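Colleague: Here is what each chain is made of, one letter per residue.
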Amino acid sequence: MTTNDKNADPLRILLVEDSIESMNLTKSILNDLGITQIFAAKNGSEAFDLIGSLDGEDFIDLVLCDWHMPVMNGMELLRQIRTSYPDLLFVMITGQADHSSVAEAKAFGVSGFIKKPFSPDELGKKLDVASRIISHRKLEALVS
Amino acid sequence: METDASEFSQALVNLVINARDAMPRGGCIKITSRVVELDEEFAAMHQKLSAGRFVEVAVKDNGIGIDEDTLKHIFEPFFTTKDQGKGTGLGLAMVYGFAQNSQGSVEVESTLEAGTTFKIYLPAVDQIPQTVVAEVEKENLGQGETILLVEDDPPLLELTREMLTSLGYNVLTASDGFEAMEVEAAHGSEIDLVLSDVVMPSISGFEVAAIMRETRPDMKFVFMSGYPNRAGISNENVPDNCQFLQKPVRPSHLAQALRIELDRAGTHAPGCSSYGNKL
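Heads up: the sequence lines are chains A and B, in that order.
For the first sequence, the working numbering gives the first residue as 1, with consecutive numbering after it.
For the second sequence, the working numbering gives the first residue as 1, with consecutive numbering after it.
It is worth saying that the hints were derived from the structure and are not from the lab.
Since the model is a prediction, treat every value here as computed from it, not as a measurement.
There could be a bad hint or two in this list.
[Stated by the list, open to error] With beta-carbon atoms standing in for the labels, derived distance ranges: (1) B:R264 - A:T36: 42 to 52 Å; (2) B:S9 - A:P10: 55 to 65 Å; (3) A:E140 - B:E107: 54 to 64 Å; (4) A:S84 - B:L112: 25 to 35 Å.
Just so you know, even glycine gets a beta-carbon here, dropped at the ideal spot from N, CA and C.
Please model the complete structure; the sequences and the hints are all you need to start from.
Modeller: Have a look at this one:
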């Protein structure tokens, strides 16, 4: 577990990436960070179908998604996810994103961005934040 | 830019009216603005203009266009191509006069049957006008405290950052709730107060407050909201012990809210206070 909160449940992450090399590299970093529950999809369409097949305790905590992919890109996946899963955390992996694309992703409700290439430390910090948000939301759900 | 707001509005209205009248069969008017760097060569061609950074405000139409002869006289007082009683011939002259008096300029480009673009150039200013600080009481100025500013609207983020700097604060910025928590994780103990927008994508300002207070219960918050009343905000999540400001935020209200919150002792009375227009 990457988070400072050692009592938090391990994150369940859906990794969406069309490049096999990038997919394997990110999986390896996630494993090193203590994340073992990793789902994988090679484009937005496959990811959306996969999310739809999960429910209850199987459901994911975070989508970590590449921006540019064939079939369905990250932006379109984000748009579709927000209509069905408004609270699901979504971190977009960006290359050289211009201001208007970033603004568009924000308008669709992206949670955060991580710029390629990223280090294990950079990804770990993103996951720490995600973990804090998820722990808080789970606690809020229990209280209410 | 720093200019007379009412004269600027009037100049813009005049250009839009002209654009409308140039499109008798309807069309599209596009108004844009951007910061441009004007070089010596451009400046030399224009009276009263010095090279440097300018704000370019352009009004573009896709109307009938203006012929070359008319273009030569377009800014002359009482020159009009409109039918008698439909135009005074003073509209564009006023725009010209306004631009000149503002140490700026106005340009026109036109192609017959394709459209016309008027561009006003006004000097860009790098700092918040001194009137921002002048209207703030001295005891409400910052004392070098560090504010984490969270705002998802980039121009507003920049404007508010400049305002906070002018008021005497150190400023850290984040463009959404997620980034705010990253900044807090990196600079936690340096941050004296979080000044945050309320409605942001994915993670609201209220949620940011609730999460940060799990590890720092004494973290101080001032919220800014564009909603005219709290009905637009999820009431159940309104954090205790915070200040609210109605956007657009007046510097004096911002300074006062920040000072009150920063000077308050660690424990607070429950509930939130509003400054400026009531939420």
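Colleague: Please name the hints from earlier in the document that this structure breaks, with their numbers sorted from lowest to highest.
Modeller: Violated: hint 4 alone.
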